[in-house]
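Listed below are the residues making up each chain.
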Amino acid sequence: MTSLLEIRDLAIDIKTATGWRPLVHSLSLSLNRSGALGLVGESGSGKSVSTRAVMRLAPEHSRVNGTVVYDGEDVNTMNRGRLREYRSRQVAMIHQDPRSHINPLRTVGDFLTEGVRHLPRGERRELAVSALADVGIPDGRRRMDQYPHQLSGGLLQRVMIAAAVMTGPKLLLADEPTTALDVTTQSEVMAVLGEAREQHELALLFITHDLELAAAVTDRLAVMYAGTIMEEGPTAAVSRAPQHPYTIGLLASQPNVRGARRERLTPIPGRPTAAHESGPGCPFAGRCLFAEDHCRTERPAPRLLGESLVRCHRAEDPEIRQAAARIQEES
Amino acid sequence: MTAIIQARKLTKRYESADLLAVDELSFDVHQGECLAVVGESGSGKSTAARMIAGLEAPTSGEVLVEGEARPPVPWPRARRRRLARQIQMVYQDPITSLDPLQTVQDTLGEILAFHDAEADRTARVNELLDRVGLGERYRARRPSDLSGGERQRVAIARALAVNPKILILDEAVSALDVSVQAQVLNLLADLRAELGLTYLFISHDLGVVRQVADRCLVMLGGRAVETADTEDLLSKPEHPYTKRLLEAVPGPGWRPARRQAAVA
Amino acid sequence: MSLISVTGVRHVRGAASSLRRDPVVAAASGVLAVLVLLALLAPVIAPYPPGRIDLYAIDQLPSSAHLFGTDSLGRDIFSRTLYGARLSLLGPALVTLAASALGGATALVAAWYGGRLEQALLRALDILMAFPGLLYAVLAVVAFGTGLLAPAIALSIAYAPYIARVVHAVAASERRLPYIESLQLLGFPPSRTIGVHLLRNLRTTIVAQTTINFGYALLDLAALSFIGLGVQPPTAEWGLMVGDSSSALLNGSPQESIAAGGAIVLTVVAVNLLGERLAARAGRSSRS
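Going down the list, the protein sequences come from chains A, B and C. With positions in the first sequence counted from 1, the corresponding number in the numbering used here is that position plus 6. With positions in the second sequence counted from 1, the corresponding number in the numbering used here is that position plus 3. With positions in the third sequence counted from 1, the corresponding number in the numbering used here is that position plus 1185.
Bound-form chain A, shown alone (with noise of 0.2 angstroms):
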């Protein structure tokens, strides 16, 4: 199988009024030709503004390096026709706030139509009534009539996957789609995605906070950090027996609903760190549990252990796989 996706050492750095602040810093991700992969970090890890990059789109006052490679062309390298083509036929994003991605004064049906403006209108109207009926909404025909603010979120959420697939994408960006929704609606989203995923064999690349929801949805894993990707590989691997400290601080302190009730939560202590305040050595090294005085001076290499790549000193330490060992038993 080839990649479909490929970044290359990416590194984006803002400018600020002290100079320049690093966001992420050299990401390499690929993602198979209809293949998931979830990226999993808090807030500030740099993992969406790595997904924008993907679409060329870079904050402002800020510089990007690196490649991004899609089907085997350089995104970076695209000339403007290109890559409107690129942006509008080949890659589909979907947000966490669909309201503010959708014309509160234009109709459903006019948004979903709006990518195919090339077909005959009776023509257009069938094929959005049919994109709807796909993701499970039935009267499509009376939908199309209303206007955003009259949709709930969750089904506003369906009419963005409905439009995201209409145009006959690749690959789909899902940045925390269901994050505002409640959980029964967040289960019926991804349900929803899942399938139009394998009906139109699209590759997704899926942002979340949550990794419990990215296992359960794709088939690989990356786990943001501080601008860094700290362990990635299978998802079986990484989200059932974690190798990295930081994935393994994730799922410890994540309260479980089965299995057994965990007596205390094992925190992370302190709170989520930004790329730029990190120092020499591993970004994860001031919250880690683990860590000894070459994490804190040193910056970590992603190695292969197992399936998976992991960005640490000392993963193959016992303690550490003792820790992940427990959160197993417990799950």
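Just so you know, the hints here were simulated from the structure itself, not pulled from any lab data. All of these numbers come straight from a predicted model, not from anything done at the bench. Honestly, I wouldn't trust all of these hints.
[Stated by the list, open to error] Quick list of the computed label-pair ranges, beta carbon to beta carbon:
hint: 1; chain 1: B; residue 1: R258; chain 2: A; residue 2: H107; range: 20 to 30 angstroms
hint: 2; chain 1: C; residue 1: M1314; chain 2: A; residue 2: G174; range: 54 to 64 angstroms
hint: 3; chain 1: A; residue 1: L63; chain 2: B; residue 2: D232; range: 46 to 56 angstroms
hint: 4; chain 1: B; residue 1: H33; chain 2: C; residue 2: P1374; range: 52 to 62 angstroms
hint: 5; chain 1: A; residue 1: R246; chain 2: B; residue 2: D232; range: 23 to 33 angstroms
hint: 6; chain 1: A; residue 1: D145; chain 2: B; residue 2: G45; range: 18 to 28 angstroms
hint: 7; chain 1: A; residue 1: G174; chain 2: B; residue 2: R258; range: 20 to 30 angstroms
hint: 8; chain 1: A; residue 1: G312; chain 2: B; residue 2: R258; range: 22 to 32 angstroms
hint: 9; chain 1: A; residue 1: A64; chain 2: B; residue 2: R258; range: 28 to 38 angstroms
Here a beta-carbon is modelled for each residue, glycine too, at the ideal position from N, C-alpha and C.
Position chains B and C against the provided structure of chain A, taking the given hints into account.
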């Protein structure tokens, strides 16, 4: 066990929106326990909490705290301090929870001065900050110098400043990153044990609820659909809605499932 | 008018320091500071008493003896402009301060108590706003006579709704924020919650709106003097000077119109620039 809070047929109707937010809700909270009120958006759980606190007047029904009717604000001058010592509240949003212009010292000192003029204020502020896991060095900080988790800790310290018997925690950990959320959940568990507090814990997150609550009340459309001990509720939910809620929580082996057709 | 939220207020200290770096704000504040200083020091700086008549030197163009020239009674226009600054600045200052106190208090009470009281107060403000401030001032003059006091009081009432509308909108959302609500649960009396916490967090909005009102008040008071219903001759006041100079202007002596009119324009432009920047700051921080 004695009921420290008794909600009796609490009802809130918003005439302007023609909305029945809470519909004849009755429940007891026992002295020293943590009762979680669980529900999704629009279930009426926050409105119920606000009526218990006294921030909103019920359309009908009443709230008894320690056997006495608790009136909604504004309170008569003579009863303000006593009513404040019954119930305090911690809110969801760490950003709007604190006065942006006040230092931590001012925030806490102002309350102490108002409630207990004789107290050694400096010592009490330090003690409160210690309690919530922040040191003396936080005294001069303003909210803008604090992280989300630190702000929530200050908000908890503010609530504790009047030595209340009951804390209402309205989605108090929902806006926090998971690693920080775990810290605050542990803190809340410790405080309840140390100070013998009673919690009314409002949340949409069943995992979080399991971590802190002895009992759970599940709300849907302004009504309580199921009340049970937390472990029982999670292991053998009875109401179909509780089952649906539980099934929707991601975890090992979980797959998203959709019902036949979308509603609403 | 966009609403300020506590997220915005949170940045006030940062905003204040970036305001100081803003060149427009620096220039406008500088101009206003100089104007106030000149008004205060008029007796020291002015080469002639403002009322000294010199019939041998009427309608003179600017010269070394008379920096801005003289008016139709031979009075030194430079001295009169300096002295005129006192009343011309004091009048609007009184009007805006009184309007802000009145409007701000009404807005806070309406936002805090809500319900019918809020509706009644808002409707009353709407009615007040339906007529121009100048009309109230003219009516006050008719009832109580010319001078500064009657029109100033009338304008204070007329301007109160403008500030009240803005402050009410911001206060109504601010009072529902947890940090204000928690004060109620802590047992603090409303007077303290409103008078200290709420007021303090709305100060950016109030200052901005007060500043904007100042420019309008200055123009209204000047206009009143211009049509002879405000301060009476021979007092030195900019609006009056513009009015007095109309015949001189027709006779080809524009110096008094230019000096007094220029002073008005300079002040109003500086005040409005400052007010707009402050308001933008208060509004922008709400979106950040």
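How the hints compare with the structure:
1. Between R258/B and H107/A the CB atoms are about 27 angstroms apart, so this pair conforms to the stated range of 20 to 30 angstroms.
2. At about 56 angstroms, the beta-carbon gap between M1314/C and G174/A stays in the expected band of 54 to 64 angstroms.
3. Between L63/A and D232/B, the C-beta spacing of about 50 angstroms keeps the proposed range 46 to 56 angstroms intact.
4. Take H33/B and P1374/C: their Cβ atoms lie about 33 angstroms apart, and the range 52 to 62 angstroms is violated.
5. In this structure the supplied range 23 to 33 angstroms holds for R246/A paired with D232/B, their Cβ-Cβ distance being about 30 angstroms.
6. Roughly 22 angstroms separates the CB atoms of D145/A and G45/B, a value that falls within the hinted 18 to 28 angstroms.
7. The hint said 20 to 30 angstroms for the Cβ distance between G174/A and R258/B, and at roughly 26 angstroms that hint holds.
8. At roughly 25 angstroms, the beta carbons of G312/A and R258/B sit within the given window of 22 to 32 angstroms.
9. The given range of 28 to 38 angstroms is respected by A64/A and R258/B, whose C-beta atoms sit roughly 36 angstroms from each other.
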